[in-house]
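Undergrad: One letter stands for each residue in the lines below.
There are 2 protein chains.
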Amino acid sequence: MEQTKSDVDLHRRRLLAAGAGGAAAGLAGFSPASLAQAAGAKPLPPFAAFKDASRVIVHSASGIETQRSAFGTSGITGQEILFVRNNVSPPNASVVANPDAWQIEFDGVANPRTLSVADLKRMGLASVSMVLQCSGNGRGFFGHKAAGSQWKVGAAGNTLWSGVPVKAVVAELGGLREGIRYMTSTGGETIPPGIDAKKVMVERSVPWTAQDEAILAWELNGQPIPLAHGGPLRLIIPGYFGVNNVKYIKRLAFTAQETGANIQSSGYRVRPVGVKGATSQPSMWEMNLKSFITHPAGGGQPLRAGLVQVYGVAFSGGSPVNAIEVSIDGGRDWQAARFFGPNLGRYAWRNFVLPVRLASGAYEITSRAIADDGEVQPELRVENERGYAHNGWRDHAVKVTVA
Amino acid sequence: MEQTKSDVDLHRRRLLAAGAGGAAAGLAGFSPASLAQAAGAKPLPPFAAFKDASRVIVHSASGIETQRSAFGTSGITGQEILFVRNNVSPPNASVVANPDAWQIEFDGVANPRTLSVADLKRMGLASVSMVLQCSGNGRGFFGHKAAGSQWKVGAAGNTLWSGVPVKAVVAELGGLREGIRYMTSTGGETIPPGIDAKKVMVERSVPWTAQDEAILAWELNGQPIPLAHGGPLRLIIPGYFGVNNVKYIKRLAFTAQETGANIQSSGYRVRPVGVKGATSQPSMWEMNLKSFITHPAGGGQPLRAGLVQVYGVAFSGGSPVNAIEVSIDGGRDWQAARFFGPNLGRYAWRNFVLPVRLASGAYEITSRAIADDGEVQPELRVENERGYAHNGWRDHAVKVTVA
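From first to last, the protein sequence lines stand for chains A and B.
One rule links them: number in my numbering = place in the first sequence (from 1) + 13.
One rule links them: number in my numbering = place in the second sequence (from 1) + 13.
If you are wondering where the hints come from, they were derived from the structure by calculation, not from laboratory data.
Any given hint could be a false lead.
Chain copies aren't distinguished; within one or between two, either way the pair holds.
Claimed, not checked - In silico lysine to any residue, SDA-like type, Cα no more than 25 Å apart, as pairs:
| id | residue 1 | residue 2 |
| --- | --- | --- |
| 1 | K134 | A372 |
| 2 | K211 | V288 |
| 3 | K412 | A159 |
| 4 | K134 | V286 |
| 5 | K158 | N301 |
| 6 | K180 | A349 |
| 7 | K180 | S129 |
For reference, chain A alone in the conformation it holds in the complex (with noise of 0.2 Å):
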């Protein structure tokens, strides 16, 4: 969303109060986390305590973005390690204590209801991969000094979500009334009083058409989603960026107008630099075709030559990851890289890897994503004023000594 001052103050406040919690944590002794904030690091929030500090960037209370070199192979990405990004302070952790209990308001269906989660987990069960990714994934590769965290690669990862399809849960209600062109979702975060709700709130609209694959989720990677990723309950839809997988959601409803909440009226577009948000310019849904290295992951010491084994991961919101090449000069040349490991499904990234045999000089290493339906990842970003959507392949590059 924008960054209102509301907005802005909000954060600041939990960022305060998280400074001196995450500090007493790091006295308990988890040593990742001593040693990250003995180096200077800012210190993980008290509901992020969990992550690795040793393989994350914390930007904010609000904002921890996964290390290049910590995504691993095996294609999912640990909760230790997964981004965090949130655009209002979440819900008291007393409501993730019984994540059966959480309440959800249906609407827009023949027959509107409120279920708890526990109802919910009886209607039926669906499970999928997909790659959950910041809008702004790649912010900090734009040259204009977008307002909002520097992301660069690290504000996405691979994950399992669990839970009832949202078709099963409208059908159970009587199907959707007529002339619904949206699904529109509320997060449960308490706006505190004396702000204009509206401005801070998170409500975001999709195209109803997303409710065929859309998940009302309450597990991720095989356990019980935490509040840091939007626990007890949230809204998974496959493919779309992460702001439309609403945190905590307490309302889910089809409607025939996008909603007005500024998140997303003005929050959220993809606009030329300097021009405000409106409701006529492109929201962030569907994700564009991406890749990345994450091997290797540039700094630190030179690599020692020989056979190296470069990998990433590919990925798509829309046609899926058809193929993947890699360039080791900038994109002069390029070759065909080999995927790996399972198959996760279409909104799942993939795993790739090149073995390159590299002499000692200096290396620029990227990979671009091609898909089913022909389209090839671009060279280059598209500005816009928030810095969205970053996808091309050159700003992505690593660059790498070999000694």
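Use these hints to put chain B onto chain A, whose structure you have.
TA: For chain B alone, coordinates are given in the frame of chain A:
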């Protein structure tokens, strides 16, 4: 392996040491552990202190089981609940501090050599999802008090491993010698002086063809393998029982004969009750066809009447699982259930679900898997001295009361 006198002594020493450490860890404030201990449960051993004590069963310092209700529905078993089984105390934890430095000796190839994990990481990269299961999983259902941990269903988990294909290393070392029949692997445990190494060492032989899909893994579920699960380097043979997936592997040799270590020659053999182990009996290699219900998990409060999602997992080390059936009346009637979630490959388990409407009464819920080759999971266990390879659906049933 067989419980020799010296082996039992090793375990006892470890257990005593772990008792003190575990209690100290509990005092440090990790509340699930503290709660579990307050309830009289055994403490987690220090090398497994990262486990979620509220979702595992600690049989001993070398035997930790996942609770039936803890598996979730994502398809992957997290490290925090994955079972642990050690035949011998693990090496000192310092070996995982710098995984790249760990060394492994290769023999039975044209050019025998010792390589470090850093070397292996340059040679190739693969990732596989597979069920890791102790040979004795289900031992707790046998009637003759088979020696060993009394596992029910939770000495199994579905996991993701990344490493180098064994075949890639063999190719790099000039290929196999002639006359090879086995791949023989040795664990890096320290055998205390005064003990006959052959009696306690973890050295396992499997048919040499197992190399085709085997990997030498340094990553489990996206993280460096912890000591409790065999880090820094573990042999992974998809479809084979746990014991063959040698932890802290320090030697991999292609051999003409099976190793003479007790764990191979007399241990992990299927034989009639009361009969001693011998090389003429089947060795615990490929896993058989199996499934079990994970929800409802039985115990606790009666269920509320109405629609219930009955779910569980199905897997096989041989012909892949093709279909799954569920019975709610102890095996009189069967209904086809549905697989859901990503298909992680033939050695992984698949989640299945069947929605059933339950009125008040008593139910006995169980499942049976059907393989590609037509094999059906059997009703009854095969009685055997050590309580291995239990895949009978009757014993795996869950008794449920609906109010």
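Undergrad: So, for every hint listed, does it hold in this structure?
TA: Hints and how they fare:
1. For a Cα distance limit of 25 Å, the shortest separation of K134 from A372 across copies, 17 Å, qualifies, whereas the shortest one inside one copy, 56 Å, does not.
2. Within a single copy, K211 and V288 get their C-alpha atoms as close as 21 Å, which meets the 25 Å cut-off; across copies the closest is 76 Å, which misses it.
3. Taking the shortest alpha-carbon separations for K412 and A159, only the intra-copy value of 24 Å comes in at or below 25 Å, while the best inter-copy value is 59 Å.
4. In this assembly of identical chains, K134 and V286 lie within 25 Å of each other by CA distance neither inside one copy nor across copies; the values are 45 Å within and 44 Å between.
5. Taking the closest pair of Cα atoms, K158 and N301 come within 25 Å of each other only inside a single copy of the chain (22 Å); across copies the shortest separation is 58 Å, beyond that limit.
6. For the identical chains of this complex, K180 and A349 are inter-copy neighbours only, at 22 Å across copies versus 39 Å inside a copy, given an alpha-carbon limit of 25 Å.
7. With identical chains, the CA atoms of K180 and S129 are at most 25 Å apart within one copy only, with a shortest distance of 17 Å there and 52 Å across copies.
Of the hints listed earlier, the one the structure fails to meet is number 4.
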